[in-house]
Amino acid sequence: GPKVLQIPSHQIIDMGQMVTLNCDPVSNHLYFYWYKQILGQQMEFLVNFYNGKVMEKSKLFKDQFSVERPDGSYFTLKIQPTALEDSAVYFCASSRTDEQYFGPGTRLTVL
Amino acid sequence: GDSVTQTEGLVTLTEGLPVMLNCTYQSTYSPFLFWYVQHLNEAPKLLLKSFTDNKRPEHQGFHATLHKSSSSFHLQKSSAQLSDSALYYCALSALNTGKLIFGLGTTLQVQP
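The listed protein sequences derive, respectively, from chains A and B. Note that the first sequence covers residues 1 to 111 in the working numbering. Note that the second sequence covers residues 1 to 112 in the working numbering.
Only chain A is shown next, with the shape it has when bound in the complex (with noise of 0.2 Å):
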């Protein structure tokens, strides 16, 4: 089936840094989303994105953070700068209704 992937699997960065966290969506999906997993808590919502713009974000996206997919290409997730608590894993999704297609995540750490 259709597949999103994302890159990098593992990311491992000091805090204050920047990071940039990439998903390949599925080639015709036009809608765009990302989620947090913190260690043993629930997947939530933070961000989803159409048509170039964001459409809703959740508390969690703080102003820290930005999306973006320039030149219809990645679909990108930013950090600046990170903190502790932004160790956790992040998933990418895109659909072209209500099915969403997940990739594998990246594992974030910051020490």
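FYI, nobody ran anything at the bench for these hints, they're computed from the structure. Keep in mind that the hints are not guaranteed to be accurate.
[Said to hold, decoys possible] Take a look, some chain B residues computed to stay more than 10 Å from chain A by CB distance:
| no. | residue |
| --- | --- |
| 1 | Ser27 |
| 2 | Lys68 |
| 3 | Ser70 |
[Claimed, not checked] Calculated lysine to any residue pairs in the SDA-like style (CA-CA distance at most 25 Å, straight line):
| no. | chain 1 | residue 1 | chain 2 | residue 2 |
| --- | --- | --- | --- | --- |
| 4 | A | Lys3 | B | Gly61 |
| 5 | B | Lys49 | A | Gln41 |
| 6 | A | Lys62 | B | Thr24 |
| 7 | A | Lys59 | B | Leu17 |
| 8 | B | Lys49 | A | Lys62 |
| 9 | B | Lys49 | B | Met20 |
| 10 | A | Lys59 | B | Gln26 |
| 11 | A | Lys53 | B | Gly98 |
| 12 | A | Lys59 | B | Asp2 |
| 13 | A | Lys62 | B | Ser3 |
| 14 | A | Lys3 | B | His39 |
[Unchecked claim] A few chain A positions that, by computed beta-carbon distances, are all more than 10 Å from chain B:
| no. | residue |
| --- | --- |
| 15 | Met15 |
| 16 | Asn22 |
| 17 | Gln41 |
| 18 | Asp63 |
| 19 | Tyr74 |
| 20 | Glu85 |
| 21 | Leu111 |
No residue lacks a Cβ here, since even glycine has one placed at the ideal position from N, Cα and C.
Assemble chain B onto chain A, guided by the hints.
Quick look at chain B alone, frame taken from chain A:
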């Protein structure tokens, strides 16, 4: 606000026995309900979703029935297989906003 509850963190059973994983929800609206399955080191994949016409969705031997009266969407299978061992998430989508609200997930371990 909207929420999804999965009461069992871990369900362990023997191959061939029936499976039932619980999911209840709270929502102001009439949401769509979903079950996602995640095998180790893989992406969560859609297993089932509820229909607007109350048909019972089925996939890979699993089925679930949306009961609006009890706000439930329990996942069932008549006979568990070893390959069913995975993490199962129940989720809802309300107001057609697209965002999914997930439960904590239930790990299903099927033993020989």
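How the hints compare with the structure:
| no. | hint | result |
| --- | --- | --- |
| 1 | Ser27 | 14 Å, holds |
| 2 | Lys68 | 18 Å, holds |
| 3 | Ser70 | 21 Å, holds |
| 4 | Lys3(A) to Gly61(B) | 23 Å, holds |
| 5 | Lys49(B) to Gln41(A) | 23 Å, holds |
| 6 | Lys62(A) to Thr24(B) | 30 Å, violated |
| 7 | Lys59(A) to Leu17(B) | 42 Å, violated |
| 8 | Lys49(B) to Lys62(A) | 31 Å, violated |
| 9 | Lys49(B) to Met20(B) | 16 Å, holds |
| 10 | Lys59(A) to Gln26(B) | 20 Å, holds |
| 11 | Lys53(A) to Gly98(B) | 14 Å, holds |
| 12 | Lys59(A) to Asp2(B) | 15 Å, holds |
| 13 | Lys62(A) to Ser3(B) | 22 Å, holds |
| 14 | Lys3(A) to His39(B) | 15 Å, holds |
| 15 | Met15 | 27 Å, holds |
| 16 | Asn22 | 15 Å, holds |
| 17 | Gln41 | 7 Å, violated |
| 18 | Asp63 | 20 Å, holds |
| 19 | Tyr74 | 17 Å, holds |
| 20 | Glu85 | 19 Å, holds |
| 21 | Leu111 | 23 Å, holds |
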